[in-house]
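> 1 is the number of the first residue of the sequence shown in full-length UniProt numbering; add one for each residue after it.
Think of the hints as simulated: they come from the structure by calculation, not from any bench.
Since we're looking at a predicted model, the values are computed, not measured.
From the three backbone atoms N, C-alpha and C, an ideal C-beta is built for every residue, glycine too.
One or more of the hints may lead you astray.
Each pair of labels, with its calculated beta carbon distance range [to be verified]:
#1 Ser-81 with Ser-143: 50 to 56 Å
#2 Trp-160 with Thr-73: 32 to 38 Å
#3 Asp-183 with Ala-66: 37 to 43 Å
#4 Leu-52 with Asp-183: 39 to 45 Å
#5 Ser-71 with Asp-209: 36 to 42 Å
#6 Thr-73 with Asp-184: 35 to 41 Å
#7 Ser-81 with Glu-42: 26 to 32 Å
#8 Ser-143 with Met-61: 34 to 40 Å
#9 Asp-113 with Lys-72: 23 to 29 Å
#10 Ala-157 with Met-61: 39 to 45 Å
#11 Gly-55 with Arg-235: 46 to 52 Å
#12 Asp-113 with Arg-58: 17 to 23 Å
#13 Asp-99 with Ser-74: 30 to 36 Å
#14 Trp-194 with Ser-71: 45 to 51 Å
Derived lysine to any residue pairs resembling SDA-like cross-links, with alpha carbons at most 25 Å apart [as the list claims (entries may be wrong)]:
#15 Lys-82 with Thr-116
#16 Lys-82 with Ala-145
#17 Lys-82 with Phe-108
#18 Lys-72 with Val-151
#19 Lys-82 with Arg-102
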Amino acid sequence: MPSVLSIAGRIKGPLRYRHVLKWRCAITTRRRGRPSGSQGPELLAVARAVFLEQGFARTTMDAVAARARISKTSLYQEHPSKDALFAAVVRDWAARGRDAMRPHLDLFLATDDVPTALLTLARTLQAGILGADVLRMRRLVASEAARFPDVAAGYVADSWDRNIATLGDALAELTRRGRIRADDPSTAAQQFTWLAVAAPLNDRTLRGDDTPPAADVLDATARAAVDTFLARYGRP
1 MPSVLSIAGR IKGPLRYRHV LKWRCAITTR RRGRPSGSQG PELLAVARAV FLEQGFARTT
61 MDAVAARARI SKTSLYQEHP SKDALFAAVV RDWAARGRDA MRPHLDLFLA TDDVPTALLT
121 LARTLQAGIL GADVLRMRRL VASEAARFPD VAAGYVADSW DRNIATLGDA LAELTRRGRI
181 RADDPSTAAQ QFTWLAVAAP LNDRTLRGDD TPPAADVLDA TARAAVDTFL ARYGRP
């Protein structure tokens, strides 16, 4: 590429310095332009994919930078270590699932048909908790919980605990309306969630299997969850 001075030397008269100034501005703009590689949330998504593929121990900052199409220096500017990057990935994932139940619970509270609403809710819980990406992240966080106890605790608090609390609030509202009788809505929320997902979640977690259970199995599990829940918490 010709230099600024070499180009300026070819231009005569008063236009010379105007052309030099425009050329310098163009170069400065290109240098200051946004890098073409991944940054911010996009970078975290790339890093999450690498962690899920390689595991924490085998993942390197070089591999993440290469996948994100950025320099390792740029990666370290955003995340100063692999530990910090892993923590950021988990926090970002938990934030994506934060309050995930709320829109479904708004619909849940809008109907007087409690058994049907509970069945829909059980299927919603299954779809969210038993999703392949959720299962893989769950295993990854669990496998590194001893190394990163605060990260694991934050993941549980911002995803599972938060959504259980939201469900507990909804069950408390149904109790106030006289639709169910849950003296301890928080416990009722935990129990309903586990009734809906525990068996398939345990099976998929221990087998390392990301494929969803058969639809008829999930349906039978959801219906049994509703029946058991209403036997305990339904109106007398």
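> Each hint: holds or not?
Evaluated hints:
Between Ser-81 and Ser-143 the CB atoms are about 19 Å apart, so this pair departs from the stated range of 50 to 56 Å. For the pair Trp-160 and Thr-73, the supplied restraint of 32 to 38 Å holds, since their beta-carbon distance comes to about 37 Å. For Asp-183 and Ala-66, the Cβ-Cβ distance of about 56 Å falls outside the hinted range of 37 to 43 Å, so the restraint is violated. Separated by about 41 Å at the C-beta atoms, Leu-52 and Asp-183 satisfy the suggested range of 39 to 45 Å.
Between Ser-71 and Asp-209 the Cβ separation comes to about 38 Å, which falls inside the hinted range of 36 to 42 Å. Separation of Thr-73 from Asp-184 is about 53 Å and departs from the stated range, judged on CB atoms against 35 to 41 Å. Separated by about 20 Å at the C-beta atoms, Ser-81 and Glu-42 break the suggested range of 26 to 32 Å. Distance hint check for Ser-143 and Met-61: the Cβ-Cβ separation is about 19 Å, which falls outside the suggested range of 34 to 40 Å.
Judged by the Cβ atoms, the range 23 to 29 Å given for Asp-113 and Lys-72 is violated: they are separated by roughly 57 Å. Under the hint 39 to 45 Å, the C-beta atoms of Ala-157 and Met-61, about 27 Å apart, miss the expected range. With their beta carbons about 49 Å apart, Gly-55 and Arg-235 fall inside the hinted range of 46 to 52 Å. Checked against the hint of 17 to 23 Å, the pair Asp-113 and Arg-58 fails, with Cβ atoms roughly 50 Å apart.
A C-beta distance of roughly 32 Å is found between Asp-99 and Ser-74, which places it inside the suggested range of 30 to 36 Å. With their beta carbons about 46 Å apart, Trp-194 and Ser-71 fall inside the hinted range of 45 to 51 Å. Restraint check for Lys-82 and Thr-116: the C-alpha separation of about 46 Å exceeds 25 Å, so the hint is violated. A C-alpha spacing of about 15 Å is found between Lys-82 and Ala-145, which places the hinted pair at or below 25 Å, so the restraint holds.
Our distance criterion of 25 Å between C-alpha atoms is broken by Lys-82 and Phe-108, whose separation comes to about 42 Å. As the CA atoms of Lys-72 and Val-151 are separated by approximately 24 Å, the hinted pair is consistent with the 25 Å bound. At roughly 33 Å between alpha-carbon atoms, Lys-82 and Arg-102 are farther apart than 25 Å, so this suggested pair is violated.
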